[in-house]
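2 protein chains.
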Amino acid sequence: MHPFTKHRRESVAALGEEKLIAAIRRWLGAASPRTPFGIGDDCAVLAPSRGRQLITVDPVIYGRHFDDAVPPRGVAEKLLKRNLSDIAAMGGRPVAAVLALTLDARTSVAWLEKFYCGLAACARKFDVAIVGGDIAQANGVLAANLTLLGEATGPRVLTRTGAKIGDAIYVTGVLGGSRASGHHFRFTPRLAEGRWLARRKEVRAMMDLSDGLAKDLFALAPPRAVAALDAAALPRRTGVGVRGAVADGEDYELVFAVARRSAEDAFTRAWHRAFPRTRLTRIGHFAAAGRLPPGALNLGDYRGYEHLR
Amino acid sequence: MHPFTKHRRESVAALGEEKLIAAIRRWLGAASPRTPFGIGDDCAVLAPSRGRQLITVDPVIYGRHFDDAVPPRGVAEKLLKRNLSDIAAMGGRPVAAVLALTLDARTSVAWLEKFYCGLAACARKFDVAIVGGDIAQANGVLAANLTLLGEATGPRVLTRTGAKIGDAIYVTGVLGGSRASGHHFRFTPRLAEGRWLARRKEVRAMMDLSDGLAKDLFALAPPRAVAALDAAALPRRTGVGVRGAVADGEDYELVFAVARRSAEDAFTRAWHRAFPRTRLTRIGHFAAAGRLPPGALNLGDYRGYEHLR
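Going down the list, the protein sequences come from chains A and B. Residue numbering for the first sequence follows the numbering used here, beginning at -1 and increasing consecutively. Residue numbering for the second sequence follows the numbering used here, beginning at -1 and increasing consecutively.
These aren't lab readings, by the way, just hints derived from the structure by calculation. Since this is a predicted model, take the numbers as computed values, not measurements. Treat the hints with caution; some may be incorrect.
[Said to hold, decoys possible] Pair by pair, the computed Cβ-Cβ distance ranges are:
no. : chain 1 : residue 1 : chain 2 : residue 2 : range
1   : B       : E111      : A       : F216      : 19 to 27 Å
2   : A       : A217      : B       : R62       : 49 to 57 Å
3   : B       : E111      : A       : I19       : 31 to 39 Å
[Stated by the list, open to error] Here are a few chain A residues that face chain B, going by a calculated C-beta distance under 8 Å:
no. : residue
4   : C41
5   : V43
6   : L44
7   : P46
8   : G49
9   : T54
10  : A87
11  : V96
12  : A134
13  : Q135
14  : T266
15  : H270
16  : A272
17  : T276
18  : L278
Ideal Cβ placement from N, Cα and C applies to all residues, glycine included.
Based on the provided sequences and hints, a complete structural model is requested.
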């Protein structure tokens, strides 16, 4: 659905700011608590956190993260879920979100209604309160920035730091072809898996895959180490080659390092009991730099998604 | 300073994402804690909150909130301070912020350096940690959305709700001419005043002035009430008329309702002891709708800043 309208009467400019905010509150419904715990004051008020907090921000921008082929509901889901995926990557649970919208005056009210109703449904599903936001105008733009607040669910927050040379590399789900398949807005963030993994001592470091293994794995690698991947082992989406699996991006899967000395078999058995329907694949290990085993995939030959071109 | 460059070598596109993020960490310096408490992981990690939390988000957009006449440092200060003003309006203290940047590939690195160094200096001044963010690309756009997390400083969070008919209306500072005078990026958010006011029982409701009295006061008025203002009492910036004082917007002053039965004299004496240099003006009171006293300024004759036009 195209987000801009040629008919002024169908635009946000015709509706005006005050009525638009009233409509947004209606569209969000139960996903937005009452003032001052939700929209309508200078700040939203949140209860004290129970433990350490997590915060992340990610946008969706028309022409970059979505186009007319993605339904407005899918745009909203993608926005919330890519932030949820960041919370999942630390083993946390989501709590509350604020949404900053930047839009052209020609933005269609019908598009926005579908967007906000989709956001509300997704927020209720994942137990996120939409507590506030902002609306600003800019010509030719339709962008939404969502800041998501979460909290730790256990004694440990799992970070990107901590992998060691020799650790096995595991990934959830299948990789590649996210855009072409619609996975980029239909995926389910790995929240339950992330929480479970944060409680497993043999898991040393974790992140979510957003720009593709070829780029993201550098952030997970220990100092002076490289990822030695087995190309044949890569779990690929149907019709996707090795290049797509490592470079397409927007996988929103978890990738993590498991201490090899631990009983990997026991780990994978426990995984399959906990998540019988979530694919888990051992795709390689971290090797000392300059000691890439023969036959290992050289990620240096590929590039993940580049944000500034 | 113009934010876009014609010379590719001076642009963020030439620098590339990875080096830009490294530069941002350098520019932010001590204003950004180390990973995972700052930039560099899927989420930033924050300590548990001490009390109830406050969250707000506001943007600055090129062509709307700033232009080439505002120095990049001033843009950054405006961005952080307009969010701080929202925290001040609830009587809170700021804690941490995340920054979502949307930029054109032609954005000049020199402009961004001044922007981030200005943000860092302002963040240190107001004791805010810049803990994370996001960078996304969009053609012809330069926009920054800052989400600010704060917390309550006392037993009470002061909201927009609670004023009663008969309450006196007070405002800090002077009003109008914010754009023309440069106040819109040079102002100091009223954090100390806000905290103090939240502890005074006679203060019933408060907000900050961003769109002008003519629009904002409707949000502070109790049900079935109107603001009866004394035009002659309005504290106006030099050279500004009544219309400017109520309609220009971007004042970033506090406006609040004080219970009239309380000893207003004692309240103002206590104020002047606490804030000898912050002007405080009683500009009117809330009257029952339809009972505007003769001679009172009718705010319905004016309009504050309209966001969607």
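Hints versus structure:
no.: 1; hint: E111(B) - F216(A): 19 to 27 Å; result: 25 Å, holds
no.: 2; hint: A217(A) - R62(B): 49 to 57 Å; result: 35 Å, violated
no.: 3; hint: E111(B) - I19(A): 31 to 39 Å; result: 36 Å, holds
no.: 4; hint: C41; result: 4 Å, holds
no.: 5; hint: V43; result: 6 Å, holds
no.: 6; hint: L44; result: 4 Å, holds
no.: 7; hint: P46; result: 5 Å, holds
no.: 8; hint: G49; result: 6 Å, holds
no.: 9; hint: T54; result: 4 Å, holds
no.: 10; hint: A87; result: 4 Å, holds
no.: 11; hint: V96; result: 5 Å, holds
no.: 12; hint: A134; result: 5 Å, holds
no.: 13; hint: Q135; result: 6 Å, holds
no.: 14; hint: T266; result: 24 Å, violated
no.: 15; hint: H270; result: 25 Å, violated
no.: 16; hint: A272; result: 21 Å, violated
no.: 17; hint: T276; result: 19 Å, violated
no.: 18; hint: L278; result: 19 Å, violated
The structure shown violates the earlier hints numbered 2, 14, 15, 16, 17, 18.
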